[in-house]
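Chemist: The listed protein sequences derive, respectively, from chains A and B.
Positions 1 to 245 (my numbering) are the ones given, in order, by the first sequence.
Positions 246 to 637 (my numbering) are the ones given, in order, by the second sequence.
Accuracy of the hints is not assured; some may be wrong.
[Said to hold, decoys possible] Below 30 Å or equal to it, Euclidean Cα-Cα: the simulated BS3-like pairs (lysine-lysine) are:
no. : chain 1 : residue 1 : chain 2 : residue 2
1   : A       : K30       : B       : K434
2   : B       : K371      : A       : K196
3   : B       : K526      : A       : K220
4   : A       : K30       : B       : K371
5   : A       : K224      : B       : K536
6   : A       : K30       : B       : K400
7   : A       : K16       : B       : K280
8   : B       : K301      : A       : K196
9   : B       : K526      : A       : K224
10  : B       : K400      : A       : K220
11  : B       : K400      : B       : K475
12  : B       : K537      : B       : K486
13  : B       : K279      : A       : K196
14  : A       : K177      : A       : K220
15  : B       : K268      : B       : K248
16  : B       : K547      : A       : K224
17  : A       : K177      : B       : K279
18  : B       : K434      : B       : K519
19  : B       : K402      : B       : K486
20  : A       : K144      : B       : K280
21  : B       : K486      : A       : K51
22  : A       : K196      : A       : K51
23  : A       : K51       : A       : K16
24  : A       : K16       : B       : K268
25  : A       : K144      : B       : K536
26  : B       : K400      : B       : K301
27  : A       : K30       : A       : K224
28  : B       : K536      : A       : K220
29  : B       : K472      : B       : K400
30  : B       : K248      : B       : K472
31  : B       : K279      : B       : K472
32  : A       : K107      : A       : K16
33  : A       : K177      : B       : K268
34  : A       : K51       : B       : K279
35  : B       : K301      : A       : K177
36  : B       : K475      : B       : K280
37  : A       : K16       : B       : K367
38  : B       : K472      : B       : K367
39  : B       : K358      : B       : K472
40  : B       : K519      : A       : K16
Hints in this document: simulated from the structure, not taken from any laboratory.
Just so you know, these numbers come straight off a predicted model, no measurement behind them.
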Amino acid sequence: MDILVCISQVPDTTTKISFIDNNSKFNDDKVTFIVNPYDEWYALVRALELKETLGGSVTVITVGNASVEPIIRKALAIGADNAVRIDLDAVDSFETASAIATYAKNKNFNIILAGKETIDYNGSEVGGMIAGLLNLPFVSLATKLEIVGDHAVVEIDIEGGVEVITSKMPLVLSAAKGMAEARIPNMRGIMAARTKTIEVVAGQSNNLVSVKSFELPAPKSAVKLINPENMEELVQLLHSEAKVI
Amino acid sequence: MSKDRFQGHDFYQIDDLLTEEQKLIRDSVRAWVKKEVTPIIEDHAQRCVFPKHLIKGLGEIGAFGPYIPVEYGGQGLDQISYGLIMQEIERGDSGIRSTASVQSSLVMYPIYKYGSEEQRRKYLPKLATGELMGCFGLTEPDSGSDPSSMITNIKDKGDHYLLNGAKMWISNSPFADIAIVWAKNDEGKIRGIIVERGMEGFTTPETHDKWSLRASATGELVFDNVKVPKENLLPNVEGLKGPLGCLNSARYGISWGVIGAAMDCYDSALRYAKERVQFGKPLAGFQLQQKKLAEMITEITKAQLLAWRLGVLRNEERATPAQISMAKRNNVAMALDIAREARQIHGGMGITGEYPIMRHMMNLESVITYEGTHDIHLLILGMEITGENAFK
Ligand SMILES: Cc1cc2nc3c(=O)[nH]c(=O)nc-3n(C[C@H](O)[C@H](O)[C@H](O)COP(=O)(O)OP(=O)(O)OC[C@H]3O[C@@H](n4cnc5c(N)ncnc54)[C@H](O)[C@@H]3O)c2cc1C
């Protein structure tokens with residue numbers, strides 16, 4: 001079972017977001033980056049579990065410049081066998097997906113796993129696009145993944161229940177919460193990651209999309225507390241300030 | 246205890262001075278502490294029990310002898326990585342960090358530094374995983390700050406040594422499998438010897454009713470005509486420099502460790518001050534509270550720089566004992582002051598086990614006393630800068 005896991009770098013959830021270059025670029029000064037949690041906690045760990053029971057290998061792939069290597073090193077410390085970095089500052093999901101699909105095309109991976117979304121742009125697009133580009137089945141938001149014979153059995157949470165599907169392999173999946181339990185790198189893993197190499201592949205921009213600008217949401221106004229006795233004031237404020245009635 | 250919302254604090258971008266691997270190690274230990282230590286530590290401290298089940302995980306996360314070479318079961322890491330591991334563990338609890346410090350600096354270090362090749366191969370790999378646990382016996386009932394006055398002794402009996410005496414205040418003693426014991430030989434010279442649990446005449450009664458390091462087991466080592474094989478003597482050191490070499494390593498680790506305790510107190514106080522509203526605004530909006538918080542982060546930042554620089558010097562094997570004394574003394578006092586101020590910011594809530602503050606504060610009372618008291622480190626510094634010995 002050879003599995004490719006797509007991982008990406010995202011700002012830590014406590015980051016104060018700001019922009020530079022006329023609001024066209026994310027300001028990454030003083031930002032702590034982490035592995036996108038859906039990629040690390042669920043996609044990568046499930047891939048490792050499958051490798052541990054079925055044999056094979058786990059390769060992590062990310063698209064980005066050399067500054068993203070710490071997250072690759074972490075994935076290697078958690079247990080990935082191989083790592084690939086496509087050297088490209090991708091602007092949008094299509095560029096990222098194209099770069100990964102190009103790499104994966106003739107590599108015979110049985111499964112390609114991604115997180116259900118990144119926690120910065122929340123696009124949920126890369127997995128589906130890779131499947132489209134490679135003409136493979138795609139299952140999004142998978143919460144459980146088992147291999148039975150030559151099929152993948154996948155569970156997806158749906159409104160009020162669970163959908164169970166089987167798919168031929170190779171296939172592409174996006175992993176949601178529940179697929180695995182996060183692993184903390186241990187010292188043996190960190191030491192082993194020292195000697196694993198990161199394959200760097202040149203990437204090519206398709207120059208289709210560019211970012212014009214980013215805007216921050218309006219600052220949240222302070223909470224107003226109104227005495228429960230004073231319903232009239234509440235109604236007045238809902239009408240004149242919140243403008244909802 | 247309430248949910249662990251801890252976040253590291255790095256006001257001067259000291260992270261830029263760390264390697265990617267050092268940060269990965271720090272963050273992994275931090276995640277491990279959040280998962281394994283904080284959820285259980287308050288309960289263990291309240292009940293005064295050492296959480297023995299953490300030993301395996303401590304080994305896996307690299308807390309036991311991280312700087313010991315790989316061929317002896319260690320990780321061959323540098324001193325800053327060791328410091329960061331101690332910092333993160335002590336962020337959880339000084340008692341757990343004490344167990345890791347003792348195992349690393351006071352048990353594995355002397356075996357590695359002063360032991361024979363056979364001793365290294367026999368003990369180090371098992372100590373690195375926690376399969377074997379060790380303790381360090383220097384302090385005696387009548388010999389604390391002045392270890393040269395010890396009376397525990399070994400007599401050469403031809404094919405073995407006969408060990409007599411008693412040690413007290415020994416961290417890990419109640420469950421340790423081996424003890425590194427410092428004792429005077431027939432010529433009155435201090436030697437180190439490895440004593441194993443099960444040797445006849447060797448007992449380790451536990452010390453009860455501590456108000457500090459309650460989640461760490463402390464006890465005595467009592468030697469009543471214990472026959473110790475000759476091959477258990479550490480061959481390569483003689484005199485006080487043996488135990489002092491170990492203490493230098495442990496004290497260095499403590500200078501990092503207490504930054505963890507201080508950060509935890511500061512982090513909790515900062516969050517509490519922002520969330521708690523009195524007189525119509527958050528506590529953080531009052532100048533008196535801002536003074537406390539601003540001074541805390543200033544002191545933490547100074548302590549981080551001291552520890553980091555000392556780590557660089559230790560990596561280059563240039564750190565002097567007086568430099569280590571300065572960092573241990575300054576940083577422990579800094580952490581204790583911060584714990585006390587943070588306790589006040591929490592008001593009544595700071596009194597309960599709902600918050601980690603009082604546990605850290607009480608723990609730090611031991612830390613400021615063991616591994617050389619606050620006074621003793623001042624005397625070491627004083628002697629270094631004046632050339633005058635004020636000990637006697
Ligand atoms: C929880 C805990 C765990 C410990 N773990 C270990 C361990 O694992 N192994 C081990 O060997 N020991 C351990 N210790 C012992 C510790 O190292 C000693 O308590 C410490 O060295 C101080 O010795 P003492 O308690 O005898 O105090 P004393 O030396 O009697 O000191 C009492 C006071 O007098 C001051 N004083 C002493 N001499 C001077 C001087 N010349 N000038 C001015 N003031 C002076 C001291 O600063 C202190 O304030 C532990 C202690 C505690 C509390």
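Chemist: Compare the structure with the hints numbered earlier in the document and write down the numbers of the violated ones, lowest to highest.
Modeler: Failing hints, ascending: 1, 4, 6, 10, 12, 16, 18, 21, 23, 25, 26, 27, 30, 31, 32, 36, 37.
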